[in-house]
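Peer 1: Given chain A's structure and the hints, the job is docking chain B onto it.
Chains as they are written, first to last, in numbering that gives the first Met the number 0: chain A, 0 to 80; chain B, 0 to 178.
These are computed hints drawn from the structure, not numbers from a lab. Quick reminder that beta carbons are idealized off the backbone N, C-alpha and C, glycines included. You may find that some hints are simply not true.
[Unchecked claim] Computed beta-carbon distance windows for the label pairs:
1) A:Cys-54 to B:Thr-81: 17 to 27 Å
2) A:Glu-25 to B:Gln-18: 53 to 63 Å
3) B:Cys-164 to A:Gly-51: 58 to 68 Å
4) A:Arg-24 to B:Asn-177: 48 to 58 Å
5) B:Leu-167 to A:Lys-26: 43 to 53 Å
[Unchecked claim] Capping the alpha-carbon separation at 16 Å, the derived lysine to aspartate or glutamate pairs in EDC-like fashion look like this:
6) A:Lys-1 to A:Glu-25
7) A:Lys-26 to A:Glu-79
8) A:Lys-76 to A:Asp-56
9) A:Lys-37 to A:Asp-56
10) B:Lys-14 to A:Glu-79
11) A:Lys-26 to A:Glu-77
12) B:Lys-14 to A:Asp-74
13) A:Lys-76 to A:Asp-53
14) A:Lys-37 to B:Asp-29
15) A:Lys-47 to A:Glu-18
16) A:Lys-26 to A:Asp-74
17) B:Lys-14 to A:Glu-77
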Amino acid sequence: MKIISWNVRGLGSFEKRREVCHLVREKNPFIICIQETKLSVIDVILCKSMWGGDCVDFSYRPSVGASGGIVTMWDTKEVEV
Amino acid sequence: MSFEHVLVISGCLVKNGVQFTVFNVYAPCDSTSQQVVWNNLSSRLQMLSDMNVCLCGDFNAVRCMEERRSVGGVARYGWCATYNNFIEDNFLVDLPLRGRNFTWFRGDGNSMSRIYMFLLSDRWCLTWPNCFQMALSRGVSDHCPLELSVDVENWGPRPLQMLKCWALTPGYKSFVCNK
Numbered sequence: 000m001k002i003i004s005w006n007v008r009g010l011g012s013f014e015k016r017r018e019v020c021h022l023v024r025e026k027n028p029f030i031i032c033i034q035e036t037k038l039s040v041i042d043v044i045l046c047k048s049m050w051g052g053d054c055v056d057f058s059y060r061p062s063v064g065a066s067g068g069i070v071t072m073w074d075t076k077e078v079e080v
Numbered sequence: 000m001s002f003e004h005v006l007v008i009s010g011c012l013v014k015n016g017v018q019f020t021v022f023n024v025y026a027p028c029d030s031t032s033q034q035v036v037w038n039n040l041s042s043r044l045q046m047l048s049d050m051n052v053c054l055c056g057d058f059n060a061v062r063c064m065e066e067r068r069s070v071g072g073v074a075r076y077g078w079c080a081t082y083n084n085f086i087e088d089n090f091l092v093d094l095p096l097r098g099r100n101f102t103w104f105r106g107d108g109n110s111m112s113r114i115y116m117f118l119l120s121d122r123w124c125l126t127w128p129n130c131f132q133m134a135l136s137r138g139v140s141d142h143c144p145l146e147l148s149v150d151v152e153n154w155g156p157r158p159l160q161m162l163k164c165w166a167l168t169p170g171y172k173s174f175v176c177n178k
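Next comes chain A alone, as it looks inside the complex (with noise of 0.2 Å):
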């Protein structure tokens, strides 16, 4: 059982994705907890690209206008929610 926790500071980013990408690659969390996503809109390909498969699944909170927003990924094939 493994779980991280990131204030990202904004996940509109490329560099900001990918580093969410290379933590999940190297730390293999079951389940990740992002703040400050700024995102209104959090989709499954966002998740699946971040995630680098298809084993995902994700709850979140939007932004309210640019600030905040929160998601938790995880890892479908050790957690079950």
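Peer 2: Using the frame of chain A, we list chain B on its own:
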């Protein structure tokens, strides 16, 4: 399930069916709004007593003055107290941080704090007794990613205790060999 500033997932591990709940928290900066979040969290946590519960995220609060360093301001004592009350009233455990002393750094290098952490329920610590929280390298954000790791298999070597004088007892050596 989610409410303001908090996202909650409840589930179980595929491998062994152990159930757990994870709260992803992004608390506001001002103390009045924070108190509302602590109250909302407390009422949810009371419903989950004796469950495997983990809270993680950016709490925008520190537990004591030593957890915040800045040029101009100092940590406001009252804020620490309300945050500590929240942690203690809900019997949450804040594990010692490995890797670094602080989890947030401002670009100028003079301001830093530990506003970012994992808080665990008693039951969580019993289910996974050898958890640790580790601050990873910072990368592109001014916040370090935090890792909560539960290495069930690695307990390390079993501690052994003996008194030197036992070796003087007749038959000691053969007793140990036979055991």
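Peer 1: All the hints need checking, so say for each whether the structure fits it.
Peer 2: Each hint, compared with the structure:
1. A:Cys-54 to B:Thr-81: 17 to 27 Å: violated, 40 Å
2. A:Glu-25 to B:Gln-18: 53 to 63 Å: violated, 28 Å
3. B:Cys-164 to A:Gly-51: 58 to 68 Å: holds, 60 Å
4. A:Arg-24 to B:Asn-177: 48 to 58 Å: Once the Cβ atoms are compared, 51 Å apart, the range 48 to 58 Å for Asn-177 (chain B) and Arg-24 (chain A) holds.
5. B:Leu-167 to A:Lys-26: 43 to 53 Å: Given about 52 Å between the Cβ atoms, the range holds.
6. A:Lys-1 to A:Glu-25: Satisfied, since the Cα-Cα distance of roughly 12 Å is no more than 16 Å.
7. A:Lys-26 to A:Glu-79: violated, 20 Å
8. A:Lys-76 to A:Asp-56: Status holds; Cα separation ~10 Å.
9. A:Lys-37 to A:Asp-56: Roughly 20 Å between the alpha carbons, so the hint for Lys-37 (chain A) and Asp-56 (chain A) is violated.
10. B:Lys-14 to A:Glu-79: holds, 10 Å
11. A:Lys-26 to A:Glu-77: holds, 14 Å
12. B:Lys-14 to A:Asp-74: Roughly 12 Å between the alpha carbons, so the hint for Lys-14 (chain B) and Asp-74 (chain A) holds.
13. A:Lys-76 to A:Asp-53: This hinted pair holds, its Cα atoms lying about 10 Å apart.
14. A:Lys-37 to B:Asp-29: violated, 19 Å
15. A:Lys-47 to A:Glu-18: holds, 14 Å
16. A:Lys-26 to A:Asp-74: holds, 12 Å
17. B:Lys-14 to A:Glu-77: Given pair Lys-14 (chain B), Glu-77 (chain A) holds - Cα atoms ~7 Å apart, limit 16 Å.
The structure is inconsistent with the numbered hints 1, 2, 7, 9 and 14, although it conforms to all the rest.
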